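Q: Chains as they are written, first to last, in my numbering: chain A, 93 to 282; chain B, 99 to 397.
Worth double-checking, as some hints may not be accurate.
Taking lysine-lysine and the BS3-like style, the derived pairs with C-alpha atoms no more than 27 angstroms apart in a straight line are [to be verified]:
#1 B:LYS339 with A:LYS195
#2 B:LYS366 with A:LYS214
#3 B:LYS121 with A:LYS128
#4 A:LYS203 with B:LYS384
#5 A:LYS260 with B:LYS255
#6 B:LYS255 with A:LYS244
#7 A:LYS128 with B:LYS297
#8 A:LYS240 with B:LYS255
#9 A:LYS203 with B:LYS297
#10 A:LYS203 with A:LYS214
#11 B:LYS232 with A:LYS247
#12 A:LYS240 with B:LYS297
Stretch by stretch, here's where chain A covers chain B in the computed footprint (C-beta under 8 angstroms, at least three residues) [said to hold, decoys possible]:
#13 141 to 151
#14 345 to 358
Hints in this document: simulated from the structure, not taken from any laboratory.
Treat the numbers as computed from the prediction; the structure is a model and nothing was measured.
All C-beta atoms, glycine included, are put in the ideal place defined by N, C-alpha and C.
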Amino acid sequence: MDYLDLSAALAGAERFLHHVEQESGVHVSECYQCGKCSAGCPVAFAMDYTPRQVIRLLQLGMREEVLNCRTIWLCASCQTCYTRCPRAVDLPRLMEAVRIEAKRAGIVPEKHINLFNDLFLKSVAKNGRVHEMGLILQYNLLSMQPLKDAFKAPKLFLDGKISPIPHKIKNQAAVQRIFERSMAHGGESR
Amino acid sequence: MKYAYYPGCSLESTGIEYNISAKLVAKHLGVEMVEIDDWNCCGASAAHLTNHMLALALPARNLAIAEQQGLDVAVPCAACFNRMKHTETAVRESSATRADVCHVIEMDYRATNTTYNLLDVLVNKVGSEVIAAKVVKPLTGLKVACYYGCLLVRPPKVTQFDDPENPMTMDRLVKALGGTPVQWAYKVECCGAGHSTTKPSVAFPMLQAIYQNAQAAGADCLATACPLCFLNLDMRQAEVKSGQGGSYNLPVFYFTQLMGISMGYAPKELGMAKHFVNPMALLDAKDVLRHPTTRREEA
């Protein structure tokens, strides 16, 4: 069995922890590990660490483990944990902040989820609105599953639910500037 | 009653029947909905996973346009509603955040207007009695599992709507329409959201649990107030096998479609031909499409 020097781990992760807490507005020390979050989490069955364990990893300063976990990618932001938490810990927000950090560090264990997310925002930046058909086509091609859900396409198309032509807004420039300024801002809340 | 209407991207695409039925029913009830001019995507599930300022600013541009017109906002999509409420709350709580958001959107936005979800508007603001008075074809005998999902009710601090564990607004609506809302345990469980596309192995068991629970509670169908919940519940139903290896056959409706039916509109006018799970056999079996006086006698 491996031993872990917790004092050293905590000291080494201080800057990372501070950053994540600032970004999310959550103080990880507020969690007293009751586990209500994990009990109610609808995705816990598919996670490598339960939501409670993710917070515990953060409390212990285990930066690598938390940045590499799949849980932060699988969280569906359903808000059940936050709603039920007796300490009002905004766990979904914490997951988001860690996920953004993981991505910055180039750690993306769930490639498809990440790809879909990026393509979604690209579509918004380009058109001002999401172009659902374009998004799905691009996603299928880039995730190498070109025929995924293909048999549903004819019905969706005939019903007028998907269109090859995106809805573009008039003031696309305004939305593009929102993207540029938000990225320049860095995204931290204050 | 007048609101700025924010349909959101899905209602122009995969959620088109929600848009059609929402507009029809709102007009029928005398609720004026003015579409926000040149609205943009709210960023929904993607922006907040990438950049928090982007997640606040994308909805803010729409809210600012509505604020200029002095209008509260009615939002049919649960995800858009949730993002709008997040922005509204953040801007009201912090003047620093407000300054940042205004800088990013290059517009003034003070959050003096309020965002409501369409269910709240059409049921609570209009009132069940007013709705009941408009019912010409009551949904007699139709057992409905009212499915609220996540983002209409959670987190309650942000959504400011109904009970986060056992919401009843849609249940009250179904009752007012003459139908029977069933009591069930999965009304606020997550449908898997985007995982149905990116991670079906995670989303499908979540959907299955919802179908199974609705069926066990005796429901004939599901009602939703979210285009993504609807898409998942309707389009994925054939792929999600039940425990016994068979498949489910639970028609899914937008609550606005149920309202439309009971107010005398034809299923086609409400976009019901566009569903993957055909609801016509159920509506026929319950004989709800005819005026109550000409309905088949119960055998």
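Q: If a hint holds in the structure, say so; if it doesn't, say that too.
A: Checked hints:
1. B:LYS339 with A:LYS195: violated, 35 angstroms
2. B:LYS366 with A:LYS214: Roughly 35 angstroms separates the two Cα atoms, so the pair is violated.
3. B:LYS121 with A:LYS128: This hinted pair is violated, its Cα atoms lying about 41 angstroms apart.
4. A:LYS203 with B:LYS384: Distance ~46 angstroms between LYS203 of chain A and LYS384 of chain B Cα, so the pair is violated.
5. A:LYS260 with B:LYS255: violated, 34 angstroms
6. B:LYS255 with A:LYS244: violated, 38 angstroms
7. A:LYS128 with B:LYS297: With Cα atoms ~25 angstroms apart, LYS128 of chain A and LYS297 of chain B stay inside 27 angstroms; holds.
8. A:LYS240 with B:LYS255: violated, 38 angstroms
9. A:LYS203 with B:LYS297: holds, 10 angstroms
10. A:LYS203 with A:LYS214: holds, 16 angstroms
11. B:LYS232 with A:LYS247: Not OK: LYS232 of chain B and LYS247 of chain A at ~34 angstroms, beyond 27 angstroms, violated.
12. A:LYS240 with B:LYS297: Within the cut-off at roughly 12 angstroms; holds.
13. 141 to 151: Contact hint for the region 141 to 151 of chain B vs chain A: holds, 11 residues under 8 angstroms.
14. 345 to 358: violated (count 0)
The structure does not agree with the numbered hints 1, 2, 3, 4, 5, 6, 8, 11, 14 stated previously, though it agrees with the rest.
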